[in-house]
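Start from chain D and add chain E according to the hints.
Each protein sequence line maps, in turn, to chains D and E. Each number in our numbering corresponds to the 1-based position in the first sequence with 7 added. Each number in our numbering corresponds to the 1-based position in the second sequence with 275 added.
Warning: the hint list may mix true and false statements.
[Stated by the list, open to error] Here are the simulated DSSO-like pairs of lysine-lysine, each with C-alpha atoms no more than 27 Å apart in a straight line:
| id | chain 1 | residue 1 | chain 2 | residue 2 |
| --- | --- | --- | --- | --- |
| 1 | D | Lys60 | E | Lys496 |
| 2 | D | Lys37 | E | Lys496 |
| 3 | E | Lys464 | E | Lys380 |
| 4 | E | Lys380 | E | Lys426 |
| 5 | D | Lys37 | D | Lys53 |
| 6 | E | Lys496 | E | Lys380 |
| 7 | D | Lys53 | E | Lys463 |
| 8 | E | Lys496 | D | Lys16 |
| 9 | E | Lys479 | E | Lys380 |
| 10 | E | Lys479 | D | Lys53 |
| 11 | D | Lys53 | E | Lys432 |
| 12 | E | Lys414 | E | Lys478 |
| 13 | E | Lys496 | D | Lys45 |
| 14 | D | Lys96 | D | Lys53 |
| 15 | D | Lys104 | E | Lys467 |
| 16 | D | Lys23 | D | Lys65 |
| 17 | E | Lys491 | D | Lys16 |
| 18 | E | Lys432 | E | Lys380 |
| 19 | D | Lys45 | D | Lys96 |
| 20 | E | Lys380 | D | Lys53 |
| 21 | E | Lys491 | D | Lys53 |
| 22 | E | Lys467 | E | Lys426 |
Hints were generated in silico from the structure; no laboratory data involved.
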Amino acid sequence: GQPVRLYVKGALVGYKGSKVNQYHHTSLVKVQGLADSKDGDFYLGKRVAYVYKGKNSKRNPRTGEQSNLRVIWGRVTRTHGRSGVVRAKFRSNLPPKSLGGTVRIMLY
Amino acid sequence: THTEEEENKMARQRNREIVPGVNRFSRSQMYKRSGRKYLKNKKETPKTEKPVRKASRFYSVDNISKPLKAVHVHKPTALRRSIRPGTVLIVLTGPYRGNHVVFLKQLESGLLLVTGPYAFNGVPLRRINQVHVIATSTKVDISGVSLDSVKDELFIKPKTKAPKKKTEAGFFKNEQKKEKTGVSDEFKKLQKEVDSKIVAAAKKTDSLLPAYLRSKFSLSKGQYPHLMNF
Numbered sequence: 008g009q010p011v012r013l014y015v016k017g018a019l020v021g022y023k024g025s026k027v028n029q030y031h032h033t034s035l036v037k038v039q040g041l042a043d044s045k046d047g048d049f050y051l052g053k054r055v056a057y058v059y060k061g062k063n064s065k066r067n068p069r070t071g072e073q074s075n076l077r078v079i080w081g082r083v084t085r086t087h088g089r090s091g092v093v094r095a096k097f098r099s100n101l102p103p104k105s106l107g108g109t110v111r112i113m114l115y
Numbered sequence: 276t277h278t279e280e281e282e283n284k285m286a287r288q289r290n291r292e293i294v295p296g297v298n299r300f301s302r303s304q305m306y307k308r309s310g311r312k313y314l315k316n317k318k319e320t321p322k323t324e325k326p327v328r329k330a331s332r333f334y335s336v337d338n339i340s341k342p343l344k345a346v347h348v349h350k351p352t353a354l355r356r357s358i359r360p361g362t363v364l365i366v367l368t369g370p371y372r373g374n375h376v377v378f379l380k381q382l383e384s385g386l387l388l389v390t391g392p393y394a395f396n397g398v399p400l401r402r403i404n405q406v407h408v409i410a411t412s413t414k415v416d417i418s419g420v421s422l423d424s425v426k427d428e429l430f431i432k433p434k435t436k437a438p439k440k441k442t443e444a445g446f447f448k449n450e451q452k453k454e455k456t457g458v459s460d461e462f463k464k465l466q467k468e469v470d471s472k473i474v475a476a477a478k479k480t481d482s483l484l485p486a487y488l489r490s491k492f493s494l495s496k497g498q499y500p501h502l503m504n505f
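In isolation and in its complexed conformation, chain D is listed as follows (with noise of 0.2 Å):
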């Protein structure tokens, strides 16, 4: 049927970072409606999806599909200020192409 969707955008702000160093261990996300990190608090532990395509189609493990999207999966951490920035570690680093670019934080 109709596509639907269950995960709420947001956009790849940049790494964690201080004021000389940066650590791409952790993505900060800042998600689409959320203004402060109180309402932030929902979306700790959500799953997040970076999703993205690659030149060669690869198939899908679980699908069996042969596709040219290919995911990174992450999970929120915690909030990061007061401004609906969220934290998010995924599990490998995402690459610095994904900056600006939209993520999919999953509601489970």
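Frame of chain D, contents of chain E only:
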């Protein structure tokens, strides 16, 4: 961290050891508590058979360490307070994602047993993990439905081992062997049995409930789950 046996024993004991050598209740206090004070024949003691311990014939020289007793008791996952029999759930993963389904009961494995009902949205009797579900506040009265026969075993398909050798003759043989594993008639019967009552209950609860169960949940622009009441 105690076995059931140990717990029962502890529950029956009137006294307990605070520190080795120091008990909670003194001898005179125990005399009163055990009821010995009120016994007519105070010399009588309850007869307990002590197990006769035979001296063992073999003592090992080496210190053989025994593995610790496994005291783990399997309990199904704690069910969220928002999920109760009859609650309408939103499925988040799997082929039926977005569908509204009716929660029936929690199976022994901890998984939730749900049904569409099949007539409404094509979701059959199915198991789903609590984690992959959002509970809504909508409820259907399923008190009339008997679910005792539905258990985990019903959903576990026996694994058919793929043959290892690939010979030409075997190749053709396998093509013949592949049977379509559809849904058994018993399962369909069970589905109908369970669903008929839920469909009736849904229509009774609210005139819009059948349409609600037929619909799918989806987020659209401007809708944010952290601002929603489900």
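Hints, one by one, checked against the model:
1. D:Lys60 <-> E:Lys496: 24 Å, holds
2. D:Lys37 <-> E:Lys496: 16 Å, holds
3. E:Lys464 <-> E:Lys380: 19 Å, holds
4. E:Lys380 <-> E:Lys426: Within the cut-off at roughly 10 Å; holds.
5. D:Lys37 <-> D:Lys53: 14 Å, holds
6. E:Lys496 <-> E:Lys380: 34 Å, violated
7. D:Lys53 <-> E:Lys463: 36 Å, violated
8. E:Lys496 <-> D:Lys16: 10 Å, holds
9. E:Lys479 <-> E:Lys380: 21 Å, holds
10. E:Lys479 <-> D:Lys53: Not satisfied, since the Cα-Cα distance of roughly 36 Å exceeds 27 Å.
11. D:Lys53 <-> E:Lys432: Measuring from Cα to Cα gives roughly 30 Å; hence the hint is violated.
12. E:Lys414 <-> E:Lys478: Measuring from Cα to Cα gives roughly 12 Å; hence the hint holds.
13. E:Lys496 <-> D:Lys45: 22 Å, holds
14. D:Lys96 <-> D:Lys53: Since the Cα atoms of Lys96 of chain D and Lys53 of chain D sit roughly 11 Å apart, the hinted pair holds (cutoff 27 Å).
15. D:Lys104 <-> E:Lys467: 52 Å, violated
16. D:Lys23 <-> D:Lys65: Violated: Lys23 of chain D and Lys65 of chain D sit about 31 Å apart, past 27 Å.
17. E:Lys491 <-> D:Lys16: Holds, because 19 Å separates the two Cα atoms, which is no more than 27 Å.
18. E:Lys432 <-> E:Lys380: 20 Å, holds
19. D:Lys45 <-> D:Lys96: 20 Å, holds
20. E:Lys380 <-> D:Lys53: The given pair, whose Cα atoms are some 25 Å apart, holds under the 27 Å limit.
21. E:Lys491 <-> D:Lys53: 21 Å, holds
22. E:Lys467 <-> E:Lys426: 16 Å, holds
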